[in-house]
Amino acid sequence: MSANPPLFQPEQLLRLQRWRLLKDKLARHGIAVGGLGVIFAIVLIFFYLFYVVFPLFIPASVERQEGYTLPGGGGASLHLALDELNELGVRYTETGEAVYFRVADGEVVERYQTAIGKVATLDTEGVIGRLTALADERGQALLVHHGFRVTYPDDVRTVLPRFEYPYGEKPLTVDDEGSVLRLLELRDGEERMTIAAMTADERLLLNTFAKESSFLNEDEVTLERSVTQLEGVDIDVQFLLVDPGQRHLYAAAANGELLHYDISDPDEIHLIERLHLLAEGTRLTSLKFLLGGYALLAGGSDGSVTQWFPVRDAHNVSTLQSIRSFHDQDAAVVDIAPEHRRKGFLVADGKGRVGIYHATAQRTVLIENVADEPLSLVVISPRGDYMLAEGESGRMYRYRIHNQHPEISWHSLWEKVHYEGYAEAEYIWQSSSADNDFEPKFSLTPLSFGTLKAAFYAMLFAVPLAILGAIYTAYFMAPGMRTIVKPTIEIMEALPTVILGFLAGLWLAPFIESYLPGIFALLLLLPLGVLAFSYFWQQLPRQIRMLVPEGWEAVLMIPVILFLVWLSIALSIPLEQVLFGGDMRAWLYNDLGIGFDQRNSLVVGLAMGFAVIPTIFSITEDAIFGVPKHLTFGSLALGASRWQTLSRVVILTASPGIFSAVMIGLGRAVGETMIVLMATGNTPVMDMNIFQGMRTLSANIAVEMPESEVASTHYRVLFLAALVLFMFTFVFNTLAELIRHRLRKKYSSL
Amino acid sequence: MRVNLKKWFHDGDAWVWLNAAALSVSLLMVVGLLLLIAVRGLGHFWAKPVHEFDYRESDTQVLRLIGEIHDEERVLAEQLRAAGMEVASDEEMVTRYLFKTGNRDVGGLDFRWVLDERIEARRHPESLTVLERREWGNFYGYVRAVKEQGKVVAEGESAWPELQRRLERVGNIYSQIQKIQKDEIGAINYRMERLRLKGRKMELEGDNTPQALAAIAAERAELDASYQVLQKQLNELYSRVQRDSVAVEVMDGQLVELPMDKVVRAYRPNAMSFFDKLAFYLEKVWEFVSDDPREANTEGGIFPAIFGTVMMVILMSIIVTPFGVIAAVYLREYAKQGPVTRLIRIAVNNLAGVPSIVYGVFGLGFFVYFLGGNIDALFFPEADPAPTFGTPGILWAALTLALLTLPVVIVATEEGLSRIPSSIREGSLALGATKIETLWRTILPMASPAMMTGLILAVARAAGEVAPLMLVGVVKLAPSLPLDGNFPFMHLERKFMHLGFHIYDVGFQSPNVEAARPLVYATALLLVVIIVALNLAAIAIRNHLREKYRALEH
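Keeping their order, the protein sequence lines are chains A and B.
Under this note's numbering, think of the first position of the first sequence as 1, with each following residue one higher.
Under this note's numbering, think of the first position of the second sequence as 751, with each following residue one higher.
Hints are computed from structural coordinates only; laboratory data are not their basis.
Zero decoy hints are in this set.
With a Cα cut of at most 27 Å, we get these calculated BS3-like pairs of lysine-lysine:
| # | chain 1 | residue 1 | chain 2 | residue 2 |
| --- | --- | --- | --- | --- |
| 1 | A | K746 | A | K629 |
| 2 | A | K25 | B | K1086 |
| 3 | B | K1086 | A | K23 |
| 4 | A | K746 | B | K1086 |
| 5 | B | K932 | B | K948 |
| 6 | B | K1012 | B | K982 |
From chain A, some residues computed to sit far from chain B (all C-beta separations above 12 Å):
| # | residue |
| --- | --- |
| 7 | L205 |
| 8 | D265 |
| 9 | T364 |
Cβ pair distances, simulated, as ranges:
| # | chain 1 | residue 1 | chain 2 | residue 2 | range |
| --- | --- | --- | --- | --- | --- |
| 10 | B | G1088 | A | E709 | 45 to 51 Å |
| 11 | B | A971 | A | R149 | 36 to 42 Å |
| 12 | B | V1279 | A | K25 | 47 to 53 Å |
| 13 | A | F580 | B | L813 | 33 to 39 Å |
The beta carbon of each residue, even a glycine, is placed where N, CA and C say it ideally should be.
Okay, chain A solo, but in the shape it has when bound:
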């Protein structure tokens, strides 16, 4: 101790004092920063979710870049295309030239003169096709392929033209009579190629080229031609389309009249239907396929675009139906450019405007004034981020497009949408598929419905059990028993949901399937049996009744319940035989038309109810136990029975607390993932049937999130689902919490 005098030296003491104060100050700030940091981190969750979802709702924009006169000259372009990286473009001229030019400045990179000196008409295959047929004036067509190749000389990415003649440099004969071809439609498939053509003397010819690859060289293909002339073409055909499967041919006239042929067998072509695409008085000015070649887009002289696609009717016959129309431009549509990877399209009109639309979302994304002159052509890049438009004066307008998520709209997320291939508008969630032409179906309605359905059945099971049990625990139970019951319920709360889900899926579901009548018998037997037994118990002599003191009734009930459960299960099979002809599932299906899945809402309700019971139980118990005792005493003193006091005084006082317990329980049921994932089939059906499964928002996230591509629409929609869940539970919990707060205040004032 003698070596420790500094405490008594004033300046040292002062230093120590200062050091202590500094430490205190440092700690104060450190803890404040740390504490606020943690709270900030929590808030971050909300903002991050919002940050990821936000781009879904950013409106699209376009960015004008300087235009130029048509590269390479030679009159208006017949067709325009861009490469993947928006570096090179190619245009076909009337003189049969393919001119490759740099998109940035319009400088001609390369020109290829085909054997056709004057092009009568031309058609490019499909939406994203690179194969083009050029028709000359002698009834022949030349097939060319305009492509691009990317090379890396000196590590610099360079895009170069690649122009080929996949079926030889000699034109193919399309019309044996050699008349001028007025219209051409080309479709190329694995096994055959179709070229439909309209001649100047109004014959509609269908050329089918069967492909045969030679034995030695897979790439060497010989074409076997057969030609048919279609009968009964009594309209002035201006538009010709053949679908990718080469089964349907559409021929339309300027007045909007359309002939729909079945050409699946070239020897037996027949007219399926004849209809008007547009309203009376509107002229058809453009007709194109949407991506996938299933839906037709009909542009009218009034600036409207109507989407049609074949819908199967009750007799399994596909006829065209008008699905939806857009009318946001007021000048005649001159060209429609479908996107290459989405169900969107661009529409150029006669007043120099271009509109960006999305078909599935039924959304007009943007209308942009591109030029002061009428446009003649518009093209969108493969990635949908660039656009070229050609004006009538021969000027090229360039735009960069920022349009990340056109497929999202209120309509596509929450309303019934008529998807391609479906008979009617429906709510469907189907986010991905292997097919490039796939139409993503992002309806959150079935998922939200499934979430609420699961929560509903869980609450149906949990609320009565939890609240009744909590009332008993808080109000009637002997203190000795409470010390056992409360930890048991806490253990129940802590059980991992993966275990509940596993048992529900692998044990409970098959069990319920085999003892279905027993389960329903139990629903009826349990309350009746309990009442009967307790009434009987009341009649017993006092000595026996005193064996189970007041407040221990629950223990007495255990053997009774076990017996009732055993009885119901034992009765199950006899009941099934007597009432349901031996098989209740078959009976449900045949007599009531109710389908039965093994993993259904009943299983989910039971398992998730089990998970929710402890939550509701603890909060309810708290609320009832917290009711000031003098209220109870007052009521009892006035001669009310235990139950009367409880139901007229205690519960009324505690009801806000019980309400908030139910809300918190609901919040938990809504967000629960593993149980629904394991105990249902996870099919997104819209059906309140208790014997059918569902797909919930949370299970959907768990299943699809790992496979979803970062920053894609799908990824953001899943984040939106998470945000919806977050908001839902947060709002519910906050409300419940506020109610409890007020309740506590009320208790303390009582």
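Given chain A, work out where chain B should sit, using these hints.
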């Protein structure tokens, strides 16, 4: 005493009984569930008897069936008849067994239904042997001969002891092979990969001088050389391990030859005494908790899953405890109490109710793709395009769960702090201690049991949580543990296995659910035991704490 029914209802005693029944139902469900898991989980490891049945497959055909009874049920004879089966018995109900015949590679199916009434004879010969294999599940039959390189060395009665002896030898060699393959060759591969990354990094940074490249090449050559040595050793071990085989007669009389390196163990359950079975049981339990899984996780042990769960939980605790405590201390001791702190408290409370999957989504988007992606771009450009931290891993899983359990720790700590009487704070301050000194020397030590409770509850929650982990780092089969002998020993970027996910994956995603089910029950039991134990500990600490403060208050 006669009680009037009407009055009985009117007074509401009926309701009291109903309430009691509701509680009993809840309690019974909990107990029943725990019992169900315990019975099924524990029963899995017990050596079951192997039966030999003469089974009348049809009127003309009697089959010999060998296997274990996996399940038993009573069904309506009517239903079976409707399914096109002939049922002779006049009774309404018949008993049928789910019979595990094993030998998946011989018979195609390893389970079949067997009708009790058609079993004409039942035998339990002691010489019936079960061979547990590394692939294709169990094998049942009579051991007829032991062969060495195709030549019979023991037959008949002497085959069994010979088989045991040789299996032990094979087991030893096999564990050597495992050691070389997993540890030594694994280490070499790991170092090779690091060398490759080093070279790539030099290239990116432009200091790929000839000397440096030569050094790398030399090191690589050295590794290659030691790899060759190991490979030679391995080949030799392989030829040794493949020396022996055993010929087994299966139920249709066929003699099947099994290479011994594919057999884990052989036993004769019908010949085992109770204590033999007990020893066998313990051996199996030990294998379960200490071994790697086999056969797409449906057999063998779950050691990697236990290890992954524990390590993730420890990491999470390290992260969550300081932050949770600091936040609670700030809220309770430093922040000015008012509507703002009340709001924060409510918000923190509510976060405990936010669905865990939402945390998973946040973890995947923010930690994995945003933080991890940026870390990769900054520190691991050489590994590009393969992500290092920009992919789900144990660190991100721990962080996500730390965020998820933060409210639990904050709430528990705050409760502990609020229970400490203000007289203690005032006393300390009055003696001249600064606030931090008061906090550090008196308040925090007194609140430590509360923090402990919070932490235990957090651990219990984290150990059972699966949904967020599916997004941020759990896999069905991790090739290597996140902790091993290769520098830097702790591999936080690696994916890991988890007990809860194991249950989901094996129970729902595996091709042979029926065979895997017992193992899933055992895994579930382990998880439940861990979690219930943790919770009971938390409850005990809390009760103890209450007593302590009750004493303080007076």
